[in-house]
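Undergrad: Letter by letter, the chains look like this.
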Amino acid sequence: GSAADAVKGAAGDAASTEAGQSQARTLEQIKQSGTINIGVFTDKAPFGYVDGNGTYQGYDVVFANRLAQDLGVKASFVATDAANRVPYLESNKVDVILANFTVTDERAQKVDFAEPYMKVSLGVVSPTSKSITSVEALAGKTLIVTKGTTAETYFEKNHPDVTLQKYDQYADAYNALLDGRGDAFSTDNTEVLAWAKSNPGYTVGITSLGDADTIAPAVHKGNDTVRDYINQEINSLASESFFHADYAQTLEPVYGDDVNVDDIVVEGGKVS
Amino acid sequence: MDWGFIARYAPYYVLAAQVTLLISLSGIAVSVLVGILCSMVRHARIPVLRQVAAAYVELSRNTPLLVQLFFLYFGLPKLGIVWSPEACAIVGLGFLGGSYMAESFRSGLDSVASSQADAASVLGMTRVQSLRHVILPQALAVAVPGIVANVIFLVKESSVVSGIALADLMYLAKDLIGLYYDTTEALALLVVAYATILLPISLLGTLLERRLDHARR
Amino acid sequence: MPGAEIVLDPSNVLRLLAGLGVTVRIGLVSVALSLPLGIACGMLMTLRNPLIRAVLRAYLEFIRIMPQLVLLYLVFFGTAGAWGWDLSGEAASVVVFSLWGAAELGDLVRGALESIPRTQYDSAYVLGMGRRQAFARVILPQAVTRLLPPAVNLATRMVKTTSLCMLIGVVELIRVGQQIIDYNRFAVPTGALWIYGSIFFLYFIVCWPLSILSRRLERRWAR
Amino acid sequence: MSDATGEAPMLEVRGLTKRFGDEVVLDGLDLAVRKGEVVVVLGPSGCGKSTLLRCIAGLEGVDAGEVRLEGEPISGTRRDSALRQRLGMVFQSYDLFPTRTVLANVTLAPVVVQHRDRLEAEREAEALLRRVGLWDKRDSYPSTLSGGQRQRVAICRALAMHPDVMLLDEVTAALDPEMVHEVLDVVLELAEGGLTMVIVTHEMRFAAAIADRVVMLDGGEVVEESDDPAAFFERPETGRAREFLSMFEYKREKGKGTDHED
Amino acid sequence: MSDATGEAPMLEVRGLTKRFGDEVVLDGLDLAVRKGEVVVVLGPSGCGKSTLLRCIAGLEGVDAGEVRLEGEPISGTRRDSALRQRLGMVFQSYDLFPTRTVLANVTLAPVVVQHRDRLEAEREAEALLRRVGLWDKRDSYPSTLSGGQRQRVAICRALAMHPDVMLLDEVTAALDPEMVHEVLDVVLELAEGGLTMVIVTHEMRFAAAIADRVVMLDGGEVVEESDDPAAFFERPETGRAREFLSMFEYKREKGKGTDHED
Ligand SMILES: Nc1ncnc2c1ncn2[C@@H]1O[C@H](COP(=O)(O)OP(=O)(O)OP(=O)(O)O)[C@@H](O)[C@H]1O
Ligand SMILES: Nc1ncnc2c1ncn2[C@@H]1O[C@H](COP(=O)(O)OP(=O)(O)OP(=O)(O)O)[C@@H](O)[C@H]1O
Ligand SMILES: [Mg+2]
Ligand SMILES: [Mg+2]
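Chains as they are written, first to last, in our numbering: chain A, 1 to 272; chain B, 1001 to 1217; chain C, 2001 to 2223; chain D, 3001 to 3262; chain E, 4001 to 4262.
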């Protein structure tokens, strides 16, 4: 892996200088335009999804709306796939990504992360009847993942003996699990916990896998004005326990009492 | 351009190209079968079957492969029918390609002047002999450009199967972009891979067309 | 069959129709843009200039052998990666479909122009018509009658192929459908069947009339 | 309608009626052709000449009447291969098999239908092709031949089956004058060789030269028939025949043009 | 080569040479056509008859020599519209404009090129179409007409421009005999009306009837020319002309066929 990492690092530099030809919008420019473009998921309830009326909803979206509101601009949501998040930022198709974006080293070379607002590690959900409770049990089995997620990266790197079945979208991946196309599905544990809660017959056999990671907003590499503003916003929101309120509004109805809010929520960018 | 990346991942593209080829060739084979069946049914004017074939052609030509695949892959399981991605891809490509192939075969058959059948008849040939020695060779010669175009079309369309978890070329490229964000390199390899598969087919088609030219007067 | 309510819910229907609107919009804008481009392309291809011919030939061949999905990725992510262009998904789709349409239409235009017998030019000449008069009054009307059926057919294919836009994140018909399936996953477990079935049907009712039109024109003008 | 001697004619058509929809194209037509006789069928366009030949060849069914070959009835389209081989036919359109060479065109039916030895079939094809001057074209494809060459090959192809009767339907209508001559010279030679033939043509000079008998059709019937072609062309008896033959005559009040000069 | 009276001929070709690549198709050809004269050009296929007419019409450039219209040189393909209107031409293939009705075919050029009033152009078209018996077909499209009808419309279309000279290139080569007659009757009538014409045809009887002068081409040159067509067709002077005319004669040793009977 280390040689590959070096290669990737070099590529990262090349890409960022190339991408540098295109200028990200500064905070000032965003204010002037009156809208901020925010990349969110549309199929990852309860974090980012579209409700029955076609309105964007979820934990990430509530934060996104608040961000826009405090900036005095309109939030314009751009639907993104997991795999599109970095390219979207690189090509300035969005100003900010608020799509359950786990902070990783590879990504940090391509984009700039702000302070985190959530904690995660990976979880694996499987049918209760054939519950998978350890990574070892996955050997030789088919694991569903979504392209471009930390789950994909983790299993590619650490468990090459697991057969991965990859989908472009979360919706497709969940459907594949429901249709029995794979033995289990892995993604952020918050995600699978929420999903298993509302899908009888499925259990999260592995609740925490890999390193505990954080989730943070991301901006175009070097777009400091916007990143600084977001950091400032995250800090000031701590005083009103904004993310606890967000949790209560969007996640608690799904998680109920099973999950401790402080295992998930990060206030003021400070990971406890 | 990051040559290290290219050197490292080119072998993966070779594997993915095999998937692309395998899926598209199987799909093409099914298309040809469906196409022959369909054009025969329409050529011979078999009552009910003819209407069924006509309806099939309309459905197949007026809906996108992606939707056909999603219906097969994600829709049908809700009826308890779970097909593997390979099966869905081959059925989907066959469903789509069948109508295109049928069209090519039909135009080939139609292009053979009726006087050819007459000529064969007055020479004492039976219907089967006439079909085998006179009609089909000519029909095929006329149909070849259309068939080659369909083959290219179907190999291209097969890129859509990446959406149902088949590890073809497109799937690999999307995956590499999502994993390592080396967009330029991943796409360059993708273009080279498709060109390597399709340029020879395209050239072969042109050659074949030229060789069969005398058959089309 | 259970689950039909998902496609009967008025708000879902409206959303699907809005998605269809995006699909049709991308299709129509691309068709509209590829018309002038394709005609220009086709006319240039009839010129004897070897350089123009070679360039257009290469362009055509490239477009011909590249999957549309690859072209979409090239324009959407490729230009972003290489030059940092900021094209929206919809804009990238329109660019790709217009370029593709222009190439295919160009070939049709060339074919139509070249299929017109030489004596038509000769007759116009001996009747004293100027080059422009001959083109506008004699050649073009004939080229158009030959061109229209396959061009309408091409438009059908373009509308159909806009389904791929969804894979570069455009929220069109299929993507809206997926959102609906996802949102109703618990309430309507068979949603995928119904929604994908409806999308299949919606594409069909948009493309089918175009196919019929193309065939009508062809029969009418089959001389 | 049989011969004076009582022997059955080679080919006999009795009361042949053929309709297309409501249109009666042939209306109780009678015709007998003796062995070795050359009959030329004339008539205005659309009078049913091609239809007559196609009915004889079994390419069209008949609505009434019958066709007999040496006294044996052969009407209908479902006649067996052996019977069909006894009637050779050449069409106006060059109907060679475009995917095969000249030689293969001539040998295909003998080999496939008559199961003759390929080498023997090729030897015979060589003789036929040499006779029409096309042996050196044996490996060419039809698309590379001129119209006249194609028709000569088509004639060889029919002859290779050793037919008892040859039916020729306007075999020169699509040809340039020189090519017309090439082809008709071959047909004249066949006539001299004693082949029984029914020929439809618009080449009046050729008709006059080759015919043992001239038959003129109109309105689905034979309107004039003559065993003396020279007399037929000089002094047609019926008004219809005169009218038809006048199609090949032109008259101009000369002198007007030159009046203008100076 | 001008007229005995010193007046320039209507159309004059002097030393016309035309090459396609290395092939010399016309080799210093001379030809003069007086006003009101009808010249028929004969010759074997490929001898350059069409090329000659196309050079005269300005559809092909020339390599040497010149073409004169009433003494005025008009060689070359870039001649202006007014000049082109003075030469009408009708081709072998039905070259009507398929997207326009019969009437529109005839009136298009007068309206577009000569800027004549549409109504007046239509009135004239009516007169022309009535003359060829096609006024009731005025609203039909060419595809619905027979070949003979199409050629008659093509002639009207050319006449509507009031050309000084009409060039007709095998206008009946693709037609059935009856249709040939329909079309040639119209041409005969034009000749009687005093129109200057250069006609290429393979209809020898027609040529004999219409020609004021017959010109035979071969090897890119005029090999025989005759002001007395009857004499030309009866007693051609040169070997080449005799050979050419023999193309339309057939001979058969009669009797062989009938020998076989009984
Ligand atoms: N397959 C067919 N279906 C309907 N009508 C037909 C068919 N074949 C011929 N006819 C009609 O039968 C009539 C005779 O046609 P046929 O071809 O025998 O004439 P012909 O004497 O050979 O004319 P020509 O000299 O133009 O070849 C025509 O009126 C034609 O329209
Ligand atoms: N555009 C061209 N390019 C090259 N060669 C040509 C061209 N047009 C005519 N020719 C050649 O010029 C010669 C004369 O042709 P042309 O058409 O004038 O003959 P023609 O006397 O009209 O014959 P036909 O009676 O067959 O119409 C032929 O050998 C032909 O191959
Ligand atoms: Mg006929
Ligand atoms: Mg010619």
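The reader is advised that the hints may include incorrect statements.
Said to hold, decoys possible - Each computed DSBU-like pair below joins lysine-lysine, with the alpha-carbon atoms no more than 35 angstroms apart: (1) E/4137 <-> D/3251; (2) A/119 <-> A/270; (3) D/3137 <-> E/4137; (4) A/119 <-> A/141; (5) D/3137 <-> E/4251; (6) A/74 <-> A/197; (7) A/119 <-> A/197; (8) D/3035 <-> E/4137.
Since the hints were derived computationally from the structure, they do not count as laboratory data.
Undergrad: Each hint needs a verdict: does it hold in this structure or not?
TA: Taking the hints in turn, this is what the structure says about them:
For the hint linking residue 4137 of chain E to residue 3251 of chain D, the alpha-carbon distance of about 27 angstroms falls within 35 angstroms, and the restraint holds. For the suggested pair residue 119 of chain A and residue 270 of chain A, the alpha carbons sit about 10 angstroms apart, so the restraint of at most 35 angstroms is met. Between residue 3137 of chain D and residue 4137 of chain E the CA atoms are separated by roughly 47 angstroms; this puts the pair beyond 35 angstroms, and the hint is violated. Note on residue 119 of chain A and residue 141 of chain A: the hinted pairing holds, with a Cα-Cα distance of about 28 angstroms set against a maximum of 35 angstroms.
Distance restraint check for residue 3137 of chain D and residue 4251 of chain E: the Cα-Cα separation of roughly 27 angstroms lies within the 35 angstroms cut-off, and the hinted pair is therefore satisfied. Our distance criterion of 35 angstroms between C-alpha atoms is met by residue 74 of chain A and residue 197 of chain A, whose separation comes to about 34 angstroms. For the hint pairing residue 119 of chain A with residue 197 of chain A, the CA-to-CA distance comes to about 19 angstroms; that is within 35 angstroms, so the pair holds. A distance of roughly 49 angstroms separates the Cα atoms of residue 3035 of chain D and residue 4137 of chain E; the hinted pair therefore is violated under the 35 angstroms criterion.
In this structure, the hints that do not hold are numbers 3, 8, in rising order.
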